[in-house]
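**Student:** What follows is the residue order along each chain.
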Amino acid sequence: MKRLQRDAVLLSLLENMWAHGSWCGETHLQKATYFLQELLSVPLGFDFILYKHGPFSFDLRDEITAMRGDFLIKYQPQRYPYGPSLVEDVGADRLKGIFSRTIHQYSNEVNFVADTLGNKGVSELERLGTALYFIRRQHAEYEQLASLIHKLKPHISPEVAQGALQDVAEIMKMANKAKLLDQ
Amino acid sequence: MSHQQEIRDPIHNFIRLNAEERKVLDSVPFQRLRHIHQLALTYLLYPGATHKRFEHSLGVMELAGRVYDVVTDPDNLIDTSVRKLVPRKDRNDDLEYGYWRRVLRMAALCHDLGHLPFSHAAEKDLLPDGWNHELLTLEIIRSEGMRDIWDEIKINPDDVAKLAIGPENYKGKEYSDLEAILSEIIVGEAFGVDRIDYLLRDSHHIGVAYGRFDHYRLIDSLRILPRGNDSQEPGLGVDEGGLHSAEALVLARYFMFTQVYCHHVRRIYDIHLKDFLSKWLPNGQFSTELDEHLVMTDDVINVALLRSANDAEFPGHDEAKRIVRRNHFRLLYQRNPTDLVKNQDACGAVYEAVSEIFGGDNVRFDSYRQTGGGGLDFPVLGRDGRIESSLYMSRTLATVPVVAEDYVFISSEIKEDAKRWLEKNRERIITSTREEDGES
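Residue numbers (the numbering used here), protein chains in the order written: chain E, 1 to 183; chain A, 1 to 440.
Among chain A residues calculated to face chain E with C-beta under 10 Å, some are:
no., residue
1, Lys84
2, Glu168
3, Gly172
4, Lys173
5, Glu189
6, Gln232
7, Leu340
8, Arg369
9, Gly373
10, Glu388
11, Ala398
12, Val403
Bear in mind the hints are in silico, worked out from the structure with no lab data behind them. All values derive from a computational prediction rather than experimental measurement. Built from N, CA and C at the ideal position, the CB exists for glycine as well.
Please put together the full structure from these sequences, using the hints given.
**Tutor:** Listed below in structure tokens is the structure:
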């Protein structure tokens with residue numbers, strides 16, 4: 001996917017996250033993009049590693065910064081206890097118009113992610129994202145995965161990690177039912 | 001206790017290092033940094049910019065030690081989960097406390113070992129796919145040549161490598177929360193001491209005030225805090241008393257990038273250097289073999305530049321002449337907010353149109369987008385004990401612009417013709433070129 005085309009998909013995701021009740025900070029966009037790419041195979045081409053609040057892409061962080069530089073999105077500070085939101089800037093509508101076909105192509109996937117994650121807070125997204133990350137990389141029982149998660153992220157208890165793994169399994173079932181998973 | 005030595009430094013007055021650190025300082029890879037300019041060819045427009053990666057690396061080590069001492073001070077560990085995570089002097093983990101302090105300073109000392117000649121100038125296009133200077137740094141730290149040192153001082157080189165290059169560049173490695181924070185002390189986008197040192201040092205040598213800020217106050221106010229947003233994950237933040245120093249750091253970075261690092265003349269010299277090296281280097285690329293990397297310095301390239309500039313038989317003659325005789329390409333068009341609203345890729349459109357008329361060899365395109373988030377969002381420990389986002393606490397941080405530049409350069413010999421042509425055709429070029437919504 002070309003850079004501006006990818007930016008259009010990110011703008012569409014941002015718009016849908018807002019519509020589903022998210023206050024859409026950078027962490028929300030990071031985790032939602034991770035689900036969009038890793039679970040639903042939308043070819044955005046970001047490289048994710050386990051870092052800030054779970055799966056984190058430095059490429060995506062740079063792209064978000066570049067989008068701010070290109071007047072596509074901007075920060076909007078929120079009242080305590082929330083962090084800053086990302087909102088559309090003056091150039092967003094024009095870009096979405098140009099890439100309307102691409103946005104339509106991935107609209108089901110974007111809607112699914114926004115509907116599933118839009119109402120989640122940062123700590124919940126962190127748990128779910130981390131759980132999906134381990135499910136994708138390690139073939140092991142959930143109990144074993146939960147203790148691995150706790151080892152690397154001590155602030156997530158094994159019980160909480162196990163709950164998150166089960167929640168992700170449920171999300172995967174829903175995505176499968178909606179025919180959004182690669183067969 | 002290891003014997004301490006002192007080195008005079010224009011930024012930090014004295015840099016103190018012990019016998020273990022001296023062994024690394026005396027190694028071949030580290031001594032090579034005496035011959036790598038911190039700011040590439042910037043000295044062609046700011047004559048004072050002749051400082052090297054050598055003294056910068058020493059400065060980063062000095063600052064990393066200072067930050068470690070502040071953030072592990074028991075009085076500064078206010079959060080329960082952070083107290084459990086961080087090694088402390090006042091518990092029975094003296095050994096762990098001392099080990100990680102040594103590793104952190106070593107990592108800081110070694111963080112730039114892999115830099116190519118002229119630092120970043122030619123890195124992106126002149127290394128094989130998948131390589132960058134961080135990967136070369138990793139290879140040097142883990143190399144046979146360094147192994148004896150690590151064995152002797154009983155430090156695991158992989159711990160040094162992890163902190164030196166950070167999770168962004170150490171592909172396939174998982175970082176524990178402690179390792180992620182220690183790495184953040186060196187290469188973090190908000191308060192990384194790499195950035196703190198280069199802003200202060202570059203500013204000092206160039207003779208501009210933009211990069212200066214109260215780093216003493218900032219370092220004293222650094223704290224390890226839960227990142228916030230209802231998550232307990234720890235990260236590097238500040239005490240509220242240091243918020244203004246943090247703002248000053250962010251502004252210093254913004255001004256240094258817009259005024260110095262992205263100066264259009266500096267950028268075109270980088271392009272001419274890259275063009276020269278692609279013709280002069282065997283197969284047009286730097287070698288990633290360590291024995292070849294370790295003898296490749298700015299001195300070697302400078303000799304080649306002079307030779308090629310003075311003799312048309314040598315490879316890269318035209319490009320070398322542009323640099324040595326200061327006949328660089330001139331700025332024809334640069335990013336403009338009005339044009340950007342009409343066309344997100346206005347500069348690319350101008351570049352293509354001008355290349356078509358005046359020939360690709362006479363035109364160069366350059367684009368820079370700030371990487372990282374700019375270090376704007378970090379936890380702040382308020383005076384009332386609450387932790388809040390820096391972007392909520394500081395209106396200044398919330399409005400710092402992103403550094404973004406696009407340039408089109410033209411050969412100096414045809415600049416006036418190109419300028420006249422562009423004036424007549426600019427509006428048409430920008431409004432008639434549309435991005436295409438092809439299949440993804």
